[in-house]
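Participant: Spelled out, the chains give:
2 protein chains.
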Amino acid sequence: MISINWKPNKNSSIPLYKQIVDYIKEKIATGEWSISSKLPAQRELAERFEVNRSTVVEALDELKAEGLIEGKSGGGTIIVNNTWSLLASTPPPNWQSYISSGIHKPNLSIIQAINKFEYKENMIRLGTGELSPELFPKEMMKVVLDSVGDKIESLGYEEPKGSLYLRQIISQYLKKYEINASPDSILIVSGSLQALQLISLGILHPGSAVLSEKPSYIKSLHVFQSAGMRVKGIPMDDQGIRISEIMNNLNKATTLLYTIPTFHNPTGIVMPQHKRNELLEVCEKARLPIIEDDAYRDLWLDTEPPLPLKAKDKNGSVLYMGTISKSLAAGIRIGWLIGPEPVIERLGDIKMQTDYGSSSLSQWALAEWISSGLYEKYLEELREKLRVRRQVALNALEKYFSDIATWNKPSGGFYIWLKLKKQISMEKLFYLCCDNGILINPGNVYDFSENLNLRISYSYSSLYDLENGLKKLSQIIRLLN
Amino acid sequence: MISINWKPNKNSSIPLYKQIVDYIKEKIATGEWSISSKLPAQRELAERFEVNRSTVVEALDELKAEGLIEGKSGGGTIIVNNTWSLLASTPPPNWQSYISSGIHKPNLSIIQAINKFEYKENMIRLGTGELSPELFPKEMMKVVLDSVGDKIESLGYEEPKGSLYLRQIISQYLKKYEINASPDSILIVSGSLQALQLISLGILHPGSAVLSEKPSYIKSLHVFQSAGMRVKGIPMDDQGIRISEIMNNLNKATTLLYTIPTFHNPTGIVMPQHKRNELLEVCEKARLPIIEDDAYRDLWLDTEPPLPLKAKDKNGSVLYMGTISKSLAAGIRIGWLIGPEPVIERLGDIKMQTDYGSSSLSQWALAEWISSGLYEKYLEELREKLRVRRQVALNALEKYFSDIATWNKPSGGFYIWLKLKKQISMEKLFYLCCDNGILINPGNVYDFSENLNLRISYSYSSLYDLENGLKKLSQIIRLLN
Ligand SMILES: Cc1ncc(COP(=O)(O)O)c(C=O)c1O
Ligand SMILES: Cc1ncc(COP(=O)(O)O)c(C=O)c1O
Chain H
1 MISINWKPNK
11 NSSIPLYKQI
21 VDYIKEKIAT
31 GEWSISSKLP
41 AQRELAERFE
51 VNRSTVVEAL
61 DELKAEGLIE
71 GKSGGGTIIV
81 NNTWSLLAST
91 PPPNWQSYIS
101 SGIHKPNLSI
111 IQAINKFEYK
121 ENMIRLGTGE
131 LSPELFPKEM
141 MKVVLDSVGD
151 KIESLGYEEP
161 KGSLYLRQII
171 SQYLKKYEIN
181 ASPDSILIVS
191 GSLQALQLIS
201 LGILHPGSAV
211 LSEKPSYIKS
221 LHVFQSAGMR
231 VKGIPMDDQG
241 IRISEIMNNL
251 NKATTLLYTI
261 PTFHNPTGIV
271 MPQHKRNELL
281 EVCEKARLPI
291 IEDDAYRDLW
301 LDTEPPLPLK
311 AKDKNGSVLY
321 MGTISKSLAA
331 GIRIGWLIGP
341 EPVIERLGDI
351 KMQTDYGSSS
361 LSQWALAEWI
371 SSGLYEKYLE
381 ELREKLRVRR
391 QVALNALEKY
401 FSDIATWNKP
411 SGGFYIWLKL
421 KKQISMEKLF
431 YLCCDNGILI
441 NPGNVYDFSE
451 NLNLRISYSY
461 SSLYDLENGL
471 KKLSQIIRLL
481 N
Chain C
1 MISINWKPNK
11 NSSIPLYKQI
21 VDYIKEKIAT
31 GEWSISSKLP
41 AQRELAERFE
51 VNRSTVVEAL
61 DELKAEGLIE
71 GKSGGGTIIV
81 NNTWSLLAST
91 PPPNWQSYIS
101 SGIHKPNLSI
111 IQAINKFEYK
121 ENMIRLGTGE
131 LSPELFPKEM
141 MKVVLDSVGD
151 KIESLGYEEP
161 KGSLYLRQII
171 SQYLKKYEIN
181 ASPDSILIVS
191 GSLQALQLIS
201 LGILHPGSAV
211 LSEKPSYIKS
221 LHVFQSAGMR
231 VKGIPMDDQG
241 IRISEIMNNL
251 NKATTLLYTI
261 PTFHNPTGIV
271 MPQHKRNELL
281 EVCEKARLPI
291 IEDDAYRDLW
301 LDTEPPLPLK
311 AKDKNGSVLY
321 MGTISKSLAA
331 GIRIGWLIGP
341 EPVIERLGDI
351 KMQTDYGSSS
361 LSQWALAEWI
371 SSGLYEKYLE
381 ELREKLRVRR
391 QVALNALEKY
401 FSDIATWNKP
411 SGGFYIWLKL
421 KKQISMEKLF
431 YLCCDNGILI
441 NPGNVYDFSE
451 NLNLRISYSY
461 SSLYDLENGL
471 KKLSQIIRLL
481 N
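These protein sequence lines are chains H and C, in that order.
Counted from 1, the first sequence has number 44 at position 44 by the UniProt record's numbering; the numbering is strictly sequential.
Counted from 1, the second sequence has number 477 at position 477 by the UniProt record's numbering; the numbering is strictly sequential.
It cannot be assumed that every hint is accurate.
Intra- or inter-copy, both count: the list cannot distinguish identical chains.
Computed cross-link-like contacts, PhoX-like style, restricted to lysine-lysine with a CA-CA straight-line distance of at most 20 Å [unchecked claim]:
(1) K314 with K38
(2) K472 with K120
(3) K151 with K25
(4) K252 with K27
(5) K472 with K151
(6) K142 with K10
(7) K175 with K428
(8) K285 with K421
(9) K27 with K285
(10) K116 with K428
(11) K38 with K422
(12) K138 with K175
(13) K214 with K472
(14) K409 with K7
(15) K25 with K252
(16) K72 with K314
(17) K471 with K38
(18) K142 with K7
(19) K285 with K38
(20) K419 with K285
(21) K72 with K38
(22) K176 with K428
(23) K314 with K64
(24) K116 with K151
(25) K275 with K38
Source of the hints: derived by calculation from the structure; they are not laboratory data.
Working from the sequences, and respecting the hints, build out all of it.
Facilitator: The following block contains the structure:
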């Protein structure tokens with residue numbers, strides 16, 4: 001039988017319902033309240049705890065959501081001996097901060113909302129950084145899978161660095177960008193995010209600081225933060241990250257620079273060649289290693305971008321990350337990491353300890369895409385379509401935003417970085433847009449400080465939705481003040 | 001210019017060459033010795049450090065291997081400003097133990113040797129826990145890839161728990177084993193190893209202890225150890241883990257039980273139904289959550305094994321892991337984790353933060369394998385072939401080992417757990433076998449304490465190699481004493 005001789009502390013800063021949740025959890029965890037026992041009725045609980053019934057309901061809802069108790073169809077609530085849920089309700093330190101950050105940081109709650117609304121139908125997604133399903137090369141993929149089916153003789157575990165065949169093909173492909181990388185210095189990863197995860201687990205120390213552009217895609221991730229690192233934003237100008245500001249921000253804790261010099265996410269900025277040389281030189285002098293994230297390189301629309309930093313890196317200062325996610329298909333989950341061999345070997349060992357290697361099927365498919373020449377052919381067609389999309393977006397902006405915002409004209413990638421002229425609440429804007437069937441990516445997803453930016457992506461929505469969505473968006477903005 | 005006014009401490013327990021390595025690394029890290037500067041000749045270094053020239057060579061070799069210095073073709077050695085290698089040379093705490101464990105634990109050096117020799121040609125692999133490439137269903141895979149090519153409309157990022165389509169199919173498939181799992185309580189993972197990784201990162205606390213069978217596959221991994229947990233082995237009898245011993249080993253640090261009740265790796269043991277019921281009951285009472293690793297279930301050879309623990313788990317005590325690695329192809333890298341929804345959701349969130357989901361291509365392929373019925377059809381053929389392989393192995397054992405070893409007759413899975421009667425050095429045996437073109441998996445890979453066991457697998461080698469390899473192995477054993 002369950003007896004209660006306790007009440008929450010009304011003077012505590014911990015909300016009453018939360019105190020009740022913790023109290024009940026402890027009772028279950030210690031086994032004092034045993035499996036299948038029935039909780040007193042809500043009214044009775046409210047009396048014992050000396051709180052409002054709504055507080056009891058809130059506490060029970062949370063316990064239900066965590067799977068610790070269950071409402072019975074006949075009425076009443078029983079305890080479920082959910083040992084795993086109990087474990088999960090007190091996460092280890094690393095993830096505690098990750099999970100609770102949802103409560104504190106406004107941008108994370110917006111990221112969660114974005115993730116949720118992405119699965120809602122009929123939402124116009126104006127910020128999604130992915131190729132539209134319309135752009136998927138279905139017929140070519142069929143051809144590729146067909147050849148792959150002919151070539152695969154078996155599908156066992158791969159070598160730690162990934163399929164040698166694919167590494168040879170990537171090694172060859174990178175020559176185009178004047179990157180000389182032997183297959184031994186290439187690690188196949190399950191997307192660039194995994195590469196970042198491996199670096200943060202295997203090389204970086206908790207407490208160290210990572211510099212990045214401000215704003216940056218990396219701010220929307222928790223990969224460094226979860227591993228106990230801080231990400232420090234360095235201001236940009238229209239040629240990318242400000243090199244002098246890097247120097248001003250160096251201190252003992254600074255471990256590396258993460259940068260997206262080509263079609264930067266979210267601003268679309270491309271760092272010119274002379275500045276790349278300077279950046280490389282400065283970082284080499286300062287012994288500041290660089291992660292170059294080159295996810296968007298193949299998506300140039302006007303002219304080919306300057307060579308990667310890695311092309312001029314003679315001393316192993318640059319870890320270079322590529323991925324097929326943006327230019328072909330995120331669901332293939334294949335990326336590559338290029339760097340000094342001992343580093344690649346270490347990270348490959350760690351990868352083996354975490355997932356035994358990336359999907360061989362995906363590796364075969366990518367190898368076939370590149371080696372068959374279909375990837376290049378597809379890219380040409382894709383660029384053509386993206387140019388049209390970019391133009392539609394720019395026209396709509398011209399038409400509906402010229403008095404209320406400023407923006408850049410990107411020369412590649414997916415993004416237009418729109419800056420509103422009027423001071424409005426971006427959170428209000430976000431939710432008002434949601435109510436009106438439009439999903440936007442507000443600037444504070446990429447930069448923890450508040451700002452008046454939106455990331456507009458012309459890669460995802462249909463042309464009709466793009467034009468229409470931007471029109472509606474401008475109307476909503478005009479409503480707010 | 002490089003000047004040296006230091007010498008290693010001859011009374012230190014740190015080897016001289018290692019002290020020199022650390023000294024030079026520090027000089028490079030602090031920038032005192034600058035990029036491209038030339039190191040003094042070996043002879044001169046030996047004089048300055050007051051050590052033998054061979055010690056200098058050893059130190060330089062290590063620095064070269066780490067990419068910090070480079071031999072010039074014209075002679076001499078120069079410093080390369082390899083910032084990444086420098087970072088990698090002082091790994092963060094977690095991985096430090098992982099990396100250095102290779103030095104201390106004999107079994108890890110054997111695992112490394114196994115990994116290396118697996119890529120050597122013409123090795124007879126008597127212990128490899130994988131299906132032979134001969135057994136790969138090439139034609140069926142072609143059919144599957146063909147259908148997949150027709151079905152895929154696009155390949156974007158997946159939902160956190162993985163493709164809903166695949167989860168529905170797995171939910172349906174598991175009904176066969178009387179597991180009732182809604183698609184919402186299923187997490188698609190990139191193999192079971194990743195599931196273990198997610199559990200160790202997201203739920204377990206450093207310092208906690210995991211119980212497992214002794215010996216166990218889990219001992220050959222570092223997934224729990226790298227996250228700061230201890231794995232404690234519980235003795236088995238011929239019906240699996242000893243339940244009374246579980247109870248004797250429970251203490252405050254004990255967090256969960258990891259078990260392979262069906263075709264256990266490496267012993268092949270199957271836990272009978274009555275003992276499963278008892279185990280579940282005991283663990284529920286003790287509030288000890290269970291990870292049930294069911295990798296080999298589909299590989300029964302005589303009769304279907306008892307139902308999974310999960311089938312009788314009414315209270316969410318069991319996290320159930322399945323994988324396609326053993327029964328079809330490890331390179332697909334897809335597994336599934338079944339558990340209480342809040343746990344699955346948490347782990348799915350963490351997965352998204354680490355790799356954004358598993359390969360969609362692999363998920364599609366697996367969905368097609370199962371839903372088309374080809375998987376079942378293939379399994380029947382596979383079982384037939386594995387029965388033959390098992391028989392060939394057992395015959396060879398009978399012929400060559402009856403006086404020198406004992407073993408079990410497995411009713412499914414891949415493994416025979418051979419126990420030598422004669423006390424010999426397993427390490428000697430391992431390397432002698434390698435010299436003779438035979439790769440074996442000694443028992444201490446699965447159990448840190450020394451023992452006289454070998455894991456024989458009849459899944460990998462050709463029938464000829466199996467018979468021949470076992471014959472040679474018995475001859476080598478007879479040579480040793
Ligand atoms: C700059 C950048 N890098 C990497 C990624 C993610 O790549 P992947 O799918 O390879 O993990 C993205 C996705 O938005 C990105 O914008
Ligand atoms: C018991 C057991 N579980 C899991 C695995 C690995 O599975 P996966 O390839 O799904 O990570 C193995 C592989 O040997 C195994 O023996």
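Participant: Could you run down the list of hints and mark each one as holding or not?
Facilitator: Cross-check of the supplied hints:
1. K314 with K38: between (69 Å within a copy, 17 Å between copies)
2. K472 with K120: within (18 Å within a copy, 63 Å between copies)
3. K151 with K25: neither (55 Å within a copy, 46 Å between copies)
4. K252 with K27: For K252 and K27, only the inter-copy Cα distance (17 Å) is at most 20 Å; the intra-copy one is 47 Å.
5. K472 with K151: Neither, since 50 Å and 34 Å both go past 20 Å.
6. K142 with K10: neither (64 Å within a copy, 66 Å between copies)
7. K175 with K428: neither (48 Å within a copy, 46 Å between copies)
8. K285 with K421: Result: close neither inside a copy nor across copies, 40 Å intra and 63 Å inter.
9. K27 with K285: This pair counts as between: shortest inter-copy Cα distance 15 Å, intra-copy 59 Å.
10. K116 with K428: within (17 Å within a copy, 58 Å between copies)
11. K38 with K422: neither (56 Å within a copy, 60 Å between copies)
12. K138 with K175: neither (28 Å within a copy, 34 Å between copies)
13. K214 with K472: neither (29 Å within a copy, 64 Å between copies)
14. K409 with K7: neither (61 Å within a copy, 61 Å between copies)
15. K25 with K252: Between copies only: 17 Å across chains, 43 Å inside a chain, cut-off 20 Å.
16. K72 with K314: This pair counts as between: shortest inter-copy Cα distance 15 Å, intra-copy 68 Å.
17. K471 with K38: Intra 55 Å, inter 64 Å, cutoff 20 Å: neither.
18. K142 with K7: neither (64 Å within a copy, 65 Å between copies)
19. K285 with K38: between (68 Å within a copy, 18 Å between copies)
20. K419 with K285: Neither way: K419 and K285 sit 36 Å apart in one copy and 60 Å across, limit 20 Å.
21. K72 with K38: within (9 Å within a copy, 78 Å between copies)
22. K176 with K428: Answer is neither; intra-copy 46 Å and inter-copy 50 Å both fail.
23. K314 with K64: Answer is between; shortest inter-copy Cα gap is 16 Å, intra-copy 58 Å.
24. K116 with K151: Result: close neither inside a copy nor across copies, 39 Å intra and 25 Å inter.
25. K275 with K38: neither (69 Å within a copy, 30 Å between copies)
Comparing the model with each numbered hint stated earlier shows that hints 3, 5, 6, 7, 8, 11, 12, 13, 14, 17, 18, 20, 22, 24, 25 do not hold.
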